[in-house]
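Chain B: place on chain A using the hints.
There are 2 protein chains.
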Amino acid sequence: MQTTLAPSSLFQQHEAAILKAVSAIHDRRFYAHFPEAPSKNIYGENAATDGIQAFQQQLANPFVLRQDHDHLADTDEQSPYTQKALGITYPAFKDPRSYTVRSLKAMNSWKTLDPASRAGILMESLERFRGRFFEMAHATMHTTGQAFVMSFQASGPHAADRALEAIALGYHELTRFPQDNFEWVKPMGKFEIKMEKHYRQLPLGVSLCIGCSTFPVWNSLPGMYASLITGNPVLVKPHPTAIYPLAILVQELQQVLEEQGQDPHLVQLVVDRLAEPVAAHLAQSAEVKIIDFTGGNTFGDYLESLPGKVVFTEKAGVNSVIIDSVADIIPVAQNIAFSVSMYSGQMCTCPQDIFIPRSGIRTEAGHMPYEEVVNALVDAIRNIATNPQMGANVLGAIQSEATLKRLDLAREHGHRVLLEPATVTHPDFPDARFSGHLVLEVPAEDREMIGREWFGPIVLMVPVADTAHAAKLASELAASKGAISCLAYATDADTMDMIESEMADAAVSVSFNFTGMFWVNQNAGFSDFHVSGGNPAGNGSLTDPAFLVRRFVRVGSRVFRG
Amino acid sequence: MQTTLAPSSLFQQHEAAILKAVSAIHDRRFYAHFPEAPSKNIYGENAATDGIQAFQQQLANPFVLRQDHDHLADTDEQSPYTQKALGITYPAFKDPRSYTVRSLKAMNSWKTLDPASRAGILMESLERFRGRFFEMAHATMHTTGQAFVMSFQASGPHAADRALEAIALGYHELTRFPQDNFEWVKPMGKFEIKMEKHYRQLPLGVSLCIGCSTFPVWNSLPGMYASLITGNPVLVKPHPTAIYPLAILVQELQQVLEEQGQDPHLVQLVVDRLAEPVAAHLAQSAEVKIIDFTGGNTFGDYLESLPGKVVFTEKAGVNSVIIDSVADIIPVAQNIAFSVSMYSGQMCTCPQDIFIPRSGIRTEAGHMPYEEVVNALVDAIRNIATNPQMGANVLGAIQSEATLKRLDLAREHGHRVLLEPATVTHPDFPDARFSGHLVLEVPAEDREMIGREWFGPIVLMVPVADTAHAAKLASELAASKGAISCLAYATDADTMDMIESEMADAAVSVSFNFTGMFWVNQNAGFSDFHVSGGNPAGNGSLTDPAFLVRRFVRVGSRVFRG
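Keeping their order, the protein sequence lines are chains A and B.
For the first sequence, this note's numbering begins at 1 and goes up steadily by one.
For the second sequence, this note's numbering begins at 1001 and goes up steadily by one.
Wrong hints could be hidden among the right ones.
[To be verified] With a Cα cut of at most 25 Å, we get these calculated SDA-like pairs of lysine to any residue:
#1 A/20 - A/188
#2 A/186 - B/1285
#3 B/1190 - A/561
#4 A/472 - B/1104
#5 A/186 - B/1451
#6 B/1190 - A/37
#7 A/472 - A/325
#8 A/289 - B/1032
#9 B/1020 - A/180
#10 B/1111 - A/469
#11 A/194 - B/1036
#12 B/1186 - A/517
#13 A/186 - A/476
#14 A/309 - B/1111
#15 A/289 - A/109
#16 B/1194 - A/476
#17 B/1111 - A/476
#18 B/1111 - B/1012
#19 A/190 - B/1036
#20 A/309 - B/1451
Honestly, the hints are just simulated from the structure, not real lab data.
Next up, chain A with everything else stripped away, as it sits in the complex (with noise of 0.2 Å):
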C-alpha cells in the first residue's frame, strides 16, 4: 500500500536514513542502507518469485510511464543468455523537443521545494525501488549479461546506496548555508547598516544522463538523483540494449512524483535505437545544462568539450596490476584471476595489464620465476572458468557481439598465447554468449597494445625489468590513456609508497595486497570516490561534493533596512 504523504512528513520518515548516510558519507568507514545478500530474511519469502514473475510479465509487453508520448518504440534489448529480444515497448517522442519543453515545466514546481522536501520524495523512490531488487536482478541480467548475483547487488543495493550518498550529500550541501532570512549587520562606528538576505539555490536546467550497456543503473544513478536533489529535471537516456533497468527506476520515481502532487515529467525516459542515436542531439539543445555520461571515449571527449555544459564523464581506461612480492602466490591467483573473471571483464574497475618482474618475484616460501607467476594466474583464470559449479556465474554472459570480435582483434597482434578462451556453458542457458579469456603475454614495448582498453575477457601479462619499472608503465598508462583502479602487491612499506606514490602522479587509487573475497572492482558506497577525475578515464568523481555542487548556484537577495 501506498499512502500519499505531504512531503515534509516524507522527509521525516526517511530523516534519520538521510542524517545517518551524510554522517557516513564523513566518516567513510563501512555503511550499508540496503542489504546486498538476496536473500529471503532480508527481502521476504517471495521476493524472489515475485520479481521473476514480474520480470517474465514484462517481457514482449509496453512498459507502462506516466509520461506524455507520441508513440510506443521498439528496442534492441536483446539476452545475452537467450540472445532473444525482450519485445518490451518504451513510450517516446518523436521529437527530442518534446522531452525538454516538459522536462522545464516539471522544474518551476520541483525548484521552489526545499531540500528536505526534495530529499524526503527521492528518498521514497528508493525505498520502493528496494521492492522490486529481484525484478531489477532479472532486468539487468538479460540486458547486461551480468550473473544473477552481481545484477541484483550492483543494479539493487549498491545502486541505491550510491544514490542515497548523492541524496544525502545533496541535501547536505544545499542546507549548510542558512536557508532562511538572516540579519547582517555591518558596524560603520556611529551607525551600523542593516540588511536582511537570503539565497536561492537554484537547478541549472535539464540534465541529461546517458546510460552504458554494462552497469546502466550504478552508473546512473548516483548523476540522476545529484541532479534532482539540486533541482533539476532529469532525462534519463538509457544505451539502446539496456533499457528496462534504468525504466524501473523511472517508473518508480514519477509514481512518487506524482502522489506528492510533482508533475512525474521531472524524470522521463528517453529511448533510442542503436540505429538512430538521439543523445548528440539532447547534448548541444540549449536546454541541457549537465550531462552525466558513462561510455567510450570518442563520444566522451565530444560531450566534454560542449560548451556551457557541466559535464560528467566515465570513460575507457586502462587497469593495472603490479606484482612485487606476496606471501603466497596461491591466494593472490585466485583473487586476481577472480578480479578479471567476474563479468567477463567488463567492468571499468577490471584489471587489464598485470605487470611481472622478468626476475621474479619475491614469496615467503623464497624467489619464484615469473614463468612460475604467470602460470599460477593462468591456472587460476582458467580453473574458474572451466568450474561448471562456478564458471557462468562469475563470467557471466558477454553483452555485445562488439566484445567477442574484440578476441580476435587482440590475437592479431601476435603475442604468445598464454590462454585461450575455454568453452563456458551454462543449463539453464544453451544459447548464452559465454566466452573465457584470452591471456596474451605482451612485451612492454609494445605500449599501444597494452595501453589500449581491451573491454572484455582479454588479460595481457607484461614482464618488466622490476617493479619501478610497473608503477612507471602503469603510471604513464593511466595518465595518458586512463585508469580506475590499480592491484598491487608488495610486502614491504617502501615498495608500497613507491607504488602509490607513482599511481597517484596519475591519480590512481591504489588497492594493495588483495586476497580473499573482496576484490578491485569494488567500490565501497560511503567509502570509496569512484573515478578520480584526475587522468583521461573519467572527469568527475562518484561522489565527491564536487558532484554535487556543480549542479546549482546561488543567487543571493538582500534587502536594505536601515
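Chain B alone, transformed into the frame defined by chain A:
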C-alpha cells in the same frame, strides 16, 4: 621582525583566525578579519607615510622577487593620475616554459604538506600583506585609477578577507573527510573483511591566474589562494597595466614560502606586454590545469572552451536598476548616483541600464512622473561629479584610454543625451584622466544598445511600460549577456517577489531599496557569493564550495588486512 616558524606552528598561530573564518563562511552574517578603515588607530601612526614612501621608492626601480629570471622586463604600467609610466621592471623569462617547469618542481613539496601547514603559511602571507596595505593603496591607485579609499579597501582588507575565505573554505573542504589511515570493516555474516584506507588529496597542476586592469587584487586573490590551499602552484599573470599590486602579494608569498623551506617558485609573477600577450600561450600549455580569469568575453569564452582545464571566469555583463516605487526619491537617487559614479563605472557590479516606468512611479508623497525621476537621477549623478570635495575622490581616474573613447561610441547611437560628462579635476593630479558621466535615454527597443556592456562612466535611462516589463527585460539581458548585480526599488512584497523571481531565472542576485552608505556594487566577504555562475557574466562564484573543490582530486589507498 620575521621569525622562521615550523609550518605547524604557523598554523597554531593562525588557527583561531582560520576557524573563525570557517565559521563566518557558514554563518554568512557580517564578518571581517581585516579592518577596512585606513585609520592610524588600526594600522599604526606611520603606516600611511611608510606606505607612500615605499611606493615612491619602488617607482622607476626593479621589483625584487625570489624567482629565477633571464631579464628584467619593462611594462605598460602608467598612472591614470599622472599619465606617466611607473617605470618599474620585473624579473621575467623569455620562454614561458621556464615558469611551468619551476611550478611543477615547487609543487612536489607543496602537495605533500598537510592542509593545516599550507593554511598556516598562506595565512601568514596575508598577515604580512596587512603591513603593506598603504603601499598597496598607492600601487592600485596608480595602475587602476581608483581613488585612494577604494584602492585601500578593495585591494587591501577586502581582498585579504576574500583570500582568507579561500584559505578557510579550502582548509574546511580538505579536512572534512578522514585525514589519516582508518579501518574499514565489512561484516560478511560469519566473517568480516578488513581494510586500512586513506586518501591523498592531490592538486591538478599549474594554476594560471589572469588578472584584470581595474581590480587586479580583489578579483585575483580568491583564485590564487584557492589554488594554493588545495596544493597547486600558481602563475600570477597580471594585466600588463596593473602588475605592481599583484607583485606585492607574490613578494610576500615567496618570502614566507622560502622561510618555511618551500620553493618560492610555487608562486611566480609572469609579466607580459600589451603588444606581446602571453596568457593564451600559457593557458594552452599541457601543464596548466586551472585557469582563473577576469576580463573580456572573447578571451573568457576562449578559455572556457579549452578542453581538460578547470576554468573560472568573470566576464562582462549588463547590470540593471529597476525602479518601481520608493519612499523618497532623493536618497534613492543619491544611492544610485553613487553606485554608478564610484570608480567611474569601471566595476563589474556597477549598474548601467536604469529601467523606469514611462507612467512614473509611486512615492510616499504621491505619484512621480517619469521625467521627474530621470531628473532626480541625472541631478544626483551631476552633483557628485561637480562637487569639488567629492568628485574626483568618488569617480577616480579612467584606467584606459579605450574607456574614454567608449563615450563617443555611445553618443554615436544618436539617443537623447540627458547629461554630458562634467569636467572633473583634482588639485594634486592636474594631468589625470578624469571624466564625468554621459547619461543617455535609450528606448527599450534598442536591445543592441541596452544589451551591450558600456564599461565606464556611461548610464542608460530606459523607459519601460511597467515594472513587469522592466524585470522581464533585465532578466532577458542578464540571461543572454550576463549580469552580476541588480538593484531594485519596490515598496510592496509582491513586486519584490516578482522581481526576485524574474532575476532568479537569469541567476542574478537582487539588492532591494538601497539607500545610505551601502551600494549594490559592494559584495561583502563571508556573506555575499560574488557572481552566481549561472549566466554569461561568469561561470563560477567567489567563494563558494565549487570554487575550492574543483581544484583537487582524491585518490584512495586500500590495504587488505584480512
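Given the proposed pairing of residue 1194 of chain B with residue 476 of chain A, does the C-alpha separation stay at or below 25 Å?
30 Å, violated
Sort out whether residue 1285 of chain B lies within 25 Å of residue 186 of chain A, counting only the CA atoms.
Outside the cut-off at roughly 44 Å; violated.
Take a quick look at whether residue 20 of chain A and residue 188 of chain A sit within 25 Å of each other, Cα to Cα.
44 Å, violated
Next pair to validate is residue 1020 of chain B with residue 180 of chain A; report whether the Cα-Cα distance is within 25 Å.
Given pair residue 1020 of chain B, residue 180 of chain A holds - Cα atoms ~22 Å apart, limit 25 Å.
25 Å limit on alpha-carbon distance, applied to hinted pair residue 1111 of chain B and residue 469 of chain A:
24 Å, holds
Given pair status - residue 1032 of chain B, residue 289 of chain A, alpha carbons within 25 Å
36 Å, violated
Taking 25 Å as the top limit, are the C-alpha atoms of residue 1186 of chain B and residue 517 of chain A close enough?
11 Å, holds
Quick one, are residue 289 of chain A and residue 109 of chain A close enough, alpha carbons at most 25 Å?
It holds: about 18 Å lies between the C-alpha atoms, which stays within 25 Å.
Within 25 Å, alpha carbon to alpha carbon, are residue 194 of chain A and residue 1036 of chain B?
17 Å, holds
Taken at face value, is the distance from the CA of residue 325 of chain A to the CA of residue 472 of chain A at most 25 Å?
Holds - the C-alpha atoms of residue 325 of chain A and residue 472 of chain A are around 17 Å apart, at most 25 Å.
Next pair to validate is residue 309 of chain A with residue 1451 of chain B; report whether the Cα-Cα distance is within 25 Å.
23 Å, holds
Straight-line alpha-carbon gap residue 1190 of chain B to residue 561 of chain A, limit 25 Å
65 Å, violated
Violated hints for the displayed structure, listed by number in ascending order: 1, 2, 3, 5, 8, 13, 14 and 16.
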